[in-house]
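Residue numbers (numbering that gives the first Met the number 0), protein chains in the order written: chain A, 0 to 224; chain B, 0 to 245; chain C, 0 to 229.
Accuracy of the hints is not assured; some may be wrong.
What the hints assert, rightly or not - The list that follows gives simulated cross-link-like pairs (lysine-lysine, BS3-like), each with its CA atoms no further than 30 Å apart:
1. 238(B) to 226(C)
2. 69(C) to 21(B)
3. 2(C) to 71(B)
4. 22(B) to 74(C)
5. 189(C) to 34(C)
6. 34(C) to 238(B)
7. 113(B) to 1(A)
8. 45(A) to 159(A)
9. 159(A) to 221(C)
10. 27(B) to 5(C)
11. 185(B) to 159(A)
12. 221(C) to 21(B)
13. 185(B) to 4(A)
14. 15(A) to 4(A)
15. 71(C) to 159(A)
16. 201(B) to 225(B)
17. 224(C) to 69(C)
18. 233(B) to 116(B)
19. 226(C) to 240(B)
20. 15(A) to 132(B)
21. 76(A) to 225(B)
22. 22(B) to 34(C)
23. 27(B) to 34(C)
24. 4(A) to 71(B)
25. 4(A) to 22(B)
26. 185(B) to 71(B)
27. 4(A) to 27(B)
28. 34(C) to 23(B)
29. 21(B) to 6(C)
30. 76(A) to 124(B)
31. 76(A) to 2(C)
32. 221(C) to 240(B)
33. 21(B) to 34(C)
34. 221(C) to 5(C)
35. 11(A) to 116(B)
Said to hold, decoys possible - Over 10 Å on every C-beta distance to chain C, these chain B residues come out as not near it, computed from the model:
36. 18
37. 19
38. 21
39. 82
40. 118
Simulated from the structure, these hints should not be mistaken for lab results. Everything numeric in this text was worked out from a predicted model, so none of it was measured. Beta carbons: idealized from backbone N, C-alpha and C, even for Gly.
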Amino acid sequence: MKFFKSIIILIKKDVKTELRTKEIFTSMFLFVFLTLIIFNFAFIGKEINQNLMVGIAWAIFLFASVLGLSRSFIHEKDTGCLEGLMITPTDRSVIYFGKAIGNLFFILIVEAISIPMFSLFFSEESFLRSPLQLFGVLFLGSLGISSVGTLLSAITINTKARELLLPILLFPVIIPVLISVVKLTIYLVTADPFINPNFWMNFLIVYDIIFLLIAFLTFEYVIEE
Amino acid sequence: MGKKPSSPPIIIIRNLNKEFGKKKALIKINLTLKEGDFLTIFGPNGAGKTTLIRIISTIISPTSGEIEINNKKLSQDPLEIRQQIGLVSHNPFLYGDLTAYENLLFYGEMFNLKRVKERADQLLKKVGLSHRKFDLVRTFSRGMLQRLSIARALLHNPSILLLDEPYTGLDPLATQIFDEIINSLKKERCHTFIMTSHDLEKGFLFSNRLAILVDGNLVFETDQKKISPENFKKIYWEKVKGDEIF
Amino acid sequence: MEKWNKKIDYFLFLLAFISLLVALYLTFIYSRIEKEMGIIQKIFYFHVPGAWVAFLAFFIVFIASILFLKNKDIKMDIISHASAEVGIYFCTITLITGPIWGRIAWGKWWDWLEPRLDTYLVLWALYIGYLVLRNAVEDDFRRARFAAVYGIVAFADVPLVIISILFLRKFMPHPGPIIFSRGGLTPDMKLAFFVSLFAFTVLFILLLRRRIFLLRIEEEIKNLKNKLGR
C-alpha cells in the first residue's frame, strides 16, 4: 500500500514541476507539431496513403518520447535529488515506477493531442474511427516505450554523451513495439484483413511485461553503486 | 552536550569493506558510536569519507561487513534504518523548481509523516527560512540551500545525523549560521552525529570523537579530550603525508 | 595456470588454423556447385556459421552480464566486453555476406522482406549500442553495471525482434526465394557446412580468449599506473 502511495507522491511531484516549468511537455508537443509540418512539406503533392501516415505518426511519437525520456532524470540528477530519494524509506523500484508512469503519462497526453491534429492535417478521419481501441494501442505502445526508455534514461543520464546516447540504445530495443503498434494502428484505420490484431495485442502485452520485469529487477543496479 | 558515558552503542560498524571493481574504497572499517557521540572523520579527498557516509545512509551497499544501527542490521532492514538517519551532504538534494515548503512537504510525504505541514513550518522556522517559504529553491543562495537541507534531513526526526562535508562552498556568514544550527541541535536532543571534513579546526571544536581516514583505512581514532589540537594536527599530517610519499 | 592457458591457446590456434583450411578446401573444391544458385551458394558456408557464432557471442554477453550483477565480479564484465566485441565482427560478416548473396539471388542488395537479414541488422545495432555505451562511461565499475543491464535488455529483446519480424511478413507473399532451405543439402555440402561451423566456433573461442587476455592486461596496466600516479 505504501509502495503505491510513494509512487503517486513521486508522480505528483513530477507533474507539479512540469506544470510549473512546462519544459518536457512543450518541447515534446512542439516537436510533434513541427515534424508534422516538415513531413507535409516534404511530401507535398504526393498521395499519402493510410499505411504511410500511420508509420509517420508512430515514428514521430517515438522521437518525441525520446525527448521527454531523456529529460526525466535531469531534475533528480542535477541537484543530487536521486540520492535524496534513495534515503527515503521506499523501495528502489518506487523511483523506477514513479518515473516510468510519469513518462507514460506525458507521452500519452502528447499523443492524445497530436492524433486529432494528424487527422486534420492529412484530412483523414479514419484515425478516429475507433477511439477506444486506438487508446488501448496507444497505451500499450507507450507503456513499452516508457518501460524500456525510463530504464535506459537512468543509464544514459550518467554517461558522457547524456541525451545523445538514449536514442542509440533505445531504438533497436524498441523495434518490436514499433512493428506491433504500427500493425495494430493500420488494422484500426484500414481493417486490413491480413493483420491479426489479437496476435499483435498479445505480443505487445508480453513485451511490456517482460521489460517492466527486467527494469524492476535491474533498476537498483543502475542507481546504486 | 548530551553525552552519557554509559549509554549503549547506537552505531556498530564491523569489518566494513567496499570495493568498486578492483578499487578498494574502504578496508576493514570498525567503529562503535554511543548515543550523543559526535564523530568527525578527517581525511584528504578520495580517502573514502563520502563512501562511508553513503554506506551508512544506505545509498550504496557494502561489499562485505555489517552495520548495526539501534540493533537493526543494515543489510536486513534498510527501510527501517532510513527512518533513523538524516543526511546532509554537500549536495542539498532539493528541487530547484519547487518552493522550500513544497520540497519539505514532498520529502515528508515520502517519509510517510503525519502532520507534514506543521513539521515543515516548524523546521523552516528553526533554520530561519520562514520568510522564504514560498520561494523557489532555485533562487536560494548556497548557505540557504544548506540550511534548508538540514531542515530536510530533520523532517522525520532522525536519531542520527550524517554530515558529509557540509561546509563546502559556504561563505563565512553562512558558516556561522550553520554552526549555530548544529550547536543548537547538539543541545536539544540526544542526536548522534557523524561528520566528514577536511577542516581540522572546525571538526575538532564540535566533536567528542575524532578519526582519520586515509586510502580507505581508518588509521587513527581517539577521544577528543585525550588529545590537544596541535597534537592532532601533527598526527593528521603525518598520516596523510605518509600516504603521499608512499 | 598461466602456462596452461597459453598451451590451450596454442592448441586452439592450431585447431582453428587447420579446421579453417579444411573448411576452405571442403567449401571450394570438395563440395559440388549448387545447380540452381551456382557458385554464390558457397557464401552459405561462411554466412550461417558467422550468424551462429554472433548469436553465441551475444548469449555469452547475456549470461556474463547476469553473473556480474549477481556477484559484482569484474571478470564477468571483461568476458561480456570481449564477447560483444568479437561477436560484432562475426555479426558484420553475416551482414556483409548476406547482401552479396542477395545481389545475385534476388537481384538487389537488401530485401527488407527477408526476416533473417533484418534480425541481424537489429542485432548488430543492439550490440554496437552496447559498445558505444561502454565507451561513454568513464568509471570502470559504473561502466560494468550499466553495460550489464544493457546486455540483459538487449538479449531479452532478441527473441521479441525475431518474432515480430517473422510475423511482420507472415501474411504477405514473399517474392524472393527462400534462402538456405535445409532440405536441399547433399551429404558433401553438409560435411563442408559442419566443418565450417566447427572452424568458426573454434576461431571464436580463440579470439574471445585472446581478447579477454588483452583486456585483463589493460586492466592491470591501468591499476599499476594508478599506483604509480599517486
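Hint check: residue 221(C) vs residue 5(C), CA-CA at most 30 Å. Holds or violated? holds, 23 Å
Given the proposed pairing of residue 2(C) with residue 71(B), does the C-alpha separation stay at or below 30 Å? violated, 49 Å
Is residue 34(C) close enough to residue 23(B), meaning Cα to Cα at most 30 Å? violated, 65 Å
Under the criterion that the straight-line Cα-Cα distance not exceed 30 Å, is the pair residue 221(C), residue 21(B) satisfied? At roughly 11 Å apart (the allowed maximum being 30 Å), residue 21(B) and residue 221(C) satisfy the hint.
Do the alpha carbons of residue 224(C) and residue 69(C) lie within 30 Å of each other, as the hint requires? Given pair residue 224(C), residue 69(C) holds - Cα atoms ~29 Å apart, limit 30 Å.
Holds or violated: residue 71(C) and residue 159(A), Cα atoms, limit 30 Å. holds, 23 Å
For residue 45(A) and residue 159(A), compute the direct alpha-carbon distance and say whether it is at most 30 Å. violated, 42 Å
Pair hint outcome, residue 226(C) versus residue 240(B) [Cα-Cα no greater than 30 Å]: holds, 16 Å
Straight-line alpha-carbon gap residue 76(A) to residue 124(B), limit 30 Å: holds, 28 Å
Between the alpha carbons of residue 22(B) and residue 74(C), is the straight-line distance 30 Å or under? holds, 14 Å
Assess, step by step, whether the Cα of residue 4(A) is no farther than 30 Å from the Cα of residue 71(B), and give holds or violated. Between residue 4(A) and residue 71(B) the Cα gap is close to 25 Å, so the pair holds against 30 Å.
For the pair supplied as a hint, residue 238(B) and residue 226(C), is the alpha-carbon distance within the 30 Å limit? Satisfied, since the Cα-Cα distance of roughly 18 Å is no more than 30 Å.
Violated hints, listed in ascending order, are 3, 6, 8, 10, 11, 13, 18, 21, 22, 23, 25, 27, 28, 31, 33, 36, 37, 38; each of the other numbered hints is respected by the structure.
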